[in-house]
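Letter by letter, the chains look like this.
There are 2 protein chains.
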Amino acid sequence: MDTITTSVHSHHTSKCNCEDCFINLIASQHLAPMICDKLYNSKKEAKFKQGDTLVEEGKNIDRFLYIKEGLIKVSQMTDKNENRIISIARPHDNITLLSFFSSEKYLYTITALEDSVACSFPYQLMLDVIKSEKEFAFGILNMISFASSKVINNFVKLSSRNLRGRIAFIILDFADNIYKTDSFDLPLSRKEIAELIGMTVENVIRILSEFKKDGIINIDGKSIDIVDRQKLQLISNFG
Amino acid sequence: MDTITTSVHSHHTSKCNCEDCFINLIASQHLAPMICDKLYNSKKEAKFKQGDTLVEEGKNIDRFLYIKEGLIKVSQMTDKNENRIISIARPHDNITLLSFFSSEKYLYTITALEDSVACSFPYQLMLDVIKSEKEFAFGILNMISFASSKVINNFVKLSSRNLRGRIAFIILDFADNIYKTDSFDLPLSRKEIAELIGMTVENVIRILSEFKKDGIINIDGKSIDIVDRQKLQLISNFG
DNA sequence: TTGATTTATTGATATATATCATATATGTTT
DNA sequence: AAACATATATGATATATATCAATAAATCAA
Numbered sequence: 115m116d117t118i119t120t121s122v123h124s125h126h127t128s129k130c131n132c133e134d135c136f137i138n139l140i141a142s143q144h145l146a147p148m149i150c151d152k153l154y155n156s157k158k159e160a161k162f163k164q165g166d167t168l169v170e171e172g173k174n175i176d177r178f179l180y181i182k183e184g185l186i187k188v189s190q191m192t193d194k195n196e197n198r199i200i201s202i203a204r205p206h207d208n209i210t211l212l213s214f215f216s217s218e219k220y221l222y223t224i225t226a227l228e229d230s231v232a233c234s235f236p237y238q239l240m241l242d243v244i245k246s247e248k249e250f251a252f253g254i255l256n257m258i259s260f261a262s263s264k265v266i267n268n269f270v271k272l273s274s275r276n277l278r279g280r281i282a283f284i285i286l287d288f289a290d291n292i293y294k295t296d297s298f299d300l301p302l303s304r305k306e307i308a309e310l311i312g313m314t315v316e317n318v319i320r321i322l323s324e325f326k327k328d329g330i331i332n333i334d335g336k337s338i339d340i341v342d343r344q345k346l347q348l349i350s351n352f353g
Numbered sequence: 115m116d117t118i119t120t121s122v123h124s125h126h127t128s129k130c131n132c133e134d135c136f137i138n139l140i141a142s143q144h145l146a147p148m149i150c151d152k153l154y155n156s157k158k159e160a161k162f163k164q165g166d167t168l169v170e171e172g173k174n175i176d177r178f179l180y181i182k183e184g185l186i187k188v189s190q191m192t193d194k195n196e197n198r199i200i201s202i203a204r205p206h207d208n209i210t211l212l213s214f215f216s217s218e219k220y221l222y223t224i225t226a227l228e229d230s231v232a233c234s235f236p237y238q239l240m241l242d243v244i245k246s247e248k249e250f251a252f253g254i255l256n257m258i259s260f261a262s263s264k265v266i267n268n269f270v271k272l273s274s275r276n277l278r279g280r281i282a283f284i285i286l287d288f289a290d291n292i293y294k295t296d297s298f299d300l301p302l303s304r305k306e307i308a309e310l311i312g313m314t315v316e317n318v319i320r321i322l323s324e325f326k327k328d329g330i331i332n333i334d335g336k337s338i339d340i341v342d343r344q345k346l347q348l349i350s351n352f353g
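As given, the protein sequences belong to chains A and B, one line each in that order.
If you want my numbering, it's the 1-based position in the first sequence plus 114.
If you want my numbering, it's the 1-based position in the second sequence plus 114.
Bear in mind the hints are in silico, worked out from the structure with no lab data behind them.
All C-beta atoms in this analysis are idealised placements derived from N, C-alpha and C, irrespective of residue type, glycine included.
Please note: incorrect hints may appear among the correct ones.
[What the hints assert, rightly or not] Simulated restraints on C-beta separations:
hint: 1; chain 1: B; residue 1: Phe136; chain 2: A; residue 2: Ile319; range: 32 to 38 angstroms
hint: 2; chain 1: A; residue 1: Gly335; chain 2: B; residue 2: Asp296; range: 49 to 55 angstroms
hint: 3; chain 1: A; residue 1: Glu133; chain 2: B; residue 2: Lys163; range: 50 to 56 angstroms
hint: 4; chain 1: A; residue 1: Gly165; chain 2: B; residue 2: Ser323; range: 43 to 49 angstroms
hint: 5; chain 1: A; residue 1: Lys336; chain 2: B; residue 2: Phe136; range: 30 to 36 angstroms
hint: 6; chain 1: B; residue 1: Gly172; chain 2: A; residue 2: Tyr237; range: 36 to 42 angstroms
hint: 7; chain 1: A; residue 1: Ser337; chain 2: B; residue 2: Lys336; range: 36 to 42 angstroms
hint: 8; chain 1: B; residue 1: Arg204; chain 2: A; residue 2: Lys336; range: 42 to 48 angstroms
[Said to hold, decoys possible] Dumping the calculated SDA-like pairs for lysine to any residue here, alpha-carbon to alpha-carbon at most 25 angstroms:
hint: 9; chain 1: A; residue 1: Lys248; chain 2: B; residue 2: Leu241
hint: 10; chain 1: A; residue 1: Lys264; chain 2: A; residue 2: Ser274
hint: 11; chain 1: A; residue 1: Lys271; chain 2: B; residue 2: Leu277
hint: 12; chain 1: B; residue 1: Lys271; chain 2: A; residue 2: Lys158
hint: 13; chain 1: A; residue 1: Lys219; chain 2: B; residue 2: Met257
hint: 14; chain 1: A; residue 1: Lys194; chain 2: B; residue 2: Leu241
hint: 15; chain 1: B; residue 1: Lys271; chain 2: A; residue 2: Ser216
hint: 16; chain 1: A; residue 1: Lys245; chain 2: A; residue 2: His144
hint: 17; chain 1: A; residue 1: Lys219; chain 2: B; residue 2: Lys264
hint: 18; chain 1: B; residue 1: Lys345; chain 2: A; residue 2: Met191
hint: 19; chain 1: A; residue 1: Lys219; chain 2: B; residue 2: Asp287
hint: 20; chain 1: A; residue 1: Lys182; chain 2: A; residue 2: Ser274
hint: 21; chain 1: B; residue 1: Lys271; chain 2: B; residue 2: Lys248
hint: 22; chain 1: A; residue 1: Lys194; chain 2: A; residue 2: Lys182
[To be verified] If we take Cβ atoms under 7 angstroms as the criterion, some of the chain B residues that face chain A in the derived model are:
hint: 23; residue: Cys150
hint: 24; residue: Gln190
hint: 25; residue: Asp193
hint: 26; residue: Asn195
hint: 27; residue: Arg198
hint: 28; residue: Gly253
hint: 29; residue: Asn256
hint: 30; residue: Ile258
hint: 31; residue: Ser259
hint: 32; residue: Phe260
hint: 33; residue: Ser262
hint: 34; residue: Phe269
hint: 35; residue: Ser273
Produce the entire structure from the sequences given, and follow the hints as far as they go.
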């Protein structure tokens, strides 16, 4: 288990060069050179192996994390001690955003689904910059708003579907929004799918098998193929 | 149907005097007198009758709303055209917060559950102040973060419970967090309870009747009494 | 007041989902 | 390789939940 502070992987400080990184964008355009340098110099870049924990729910917030490469899950313990996946995050997502301003502790556990690279900035410095730079604060407002409505939206959509509908929905979600192709490797175990859509592992497996038997998808281990997209869409829409 | 812009009820501009209003707090403490006046002068206070719509999902955002008195529901249409209640808002809640920065349209429909009073500020002015005043922006960040994590938390908690558990959970929630007493009038119809916790009306009614028969609650129409709080808590915790 | 419409209620039944049991496969440690 | 753990898979069954149908009660409009 690897966390960003104890990472043994190579991490080096370097000027930011991610074009789609909001932090970089605002910093380079609006920050005074001194502050900008300070921010860039405080940046840590860390590699994570699949399964590594980047951030643990309940721990004190010490850094502001940005996903540079890879795929990440954000999850929370229910009050009944089950794990619930809140969202799947991808490059350019600021994954600690939803925790950062509502408490001093991380609200969610963040785990690498693939080998991933994350940039991070120290909590206090980030806070200082946000407090002193209008553009930063406003941009963060937009991002946090967007991120939270996405999560809420997802819950609303999932909760209006039965299990077949949910499975169809998330398969299409992965295909359309993450991989942009109908053939991909599922980044989640069956158990994680269950935690993402709120059902039991057995039923996830069962429904995936049914979809396969019915010629809607092809699935072999983690590799998945959408065979009959129209039918899958129907199940997602009406199931 | 009444909306804030077309309201025929008395609304008058006056200095803000709500002690727990964040807008008022920051404005009076940190804003330059001119800006503060401008903000206060732009304030509208409007009364709403139970059932009135304050804000409609999909409409252009024109004002920033604050609940002064009453009880409010915030809801969203699912993509299957069912209504889902996202949260119940009370005095001092800034109910348009979750919409305000993520799009130009309201994301949620906002409806009065009781006769209520709402203050509001014009969209553009509010945006200008937030963009120009650091304290404002940061305070808003905290609020939005808090609000969204509350909504998400609620979804997580509900989704880990079966229907009896959900009903027990929301009864306790109303008693503990809204009315601070074990006897109160349910502000929601059976249908709205169903929309709040994601189940059918029939089952809401059935379970409420069961709870009554089992001596856990007393319910007569909308009036509700918690009789056996311990048992209700058990159902909420383990159901 | 009446009639009409929505809301609340209950029961019977079908369906969806979870649970339990067991088996196979896969991967990991020794 | 053996032993162990974990993930995947399938079937049987119990349970939870939705659906359908039919009333009753409450609310609203004329």
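Any of the earlier hints contradicted here, and which numbers? 1, 5, 7, 12, 14, 20, 21, 22, 23, 26 and 28
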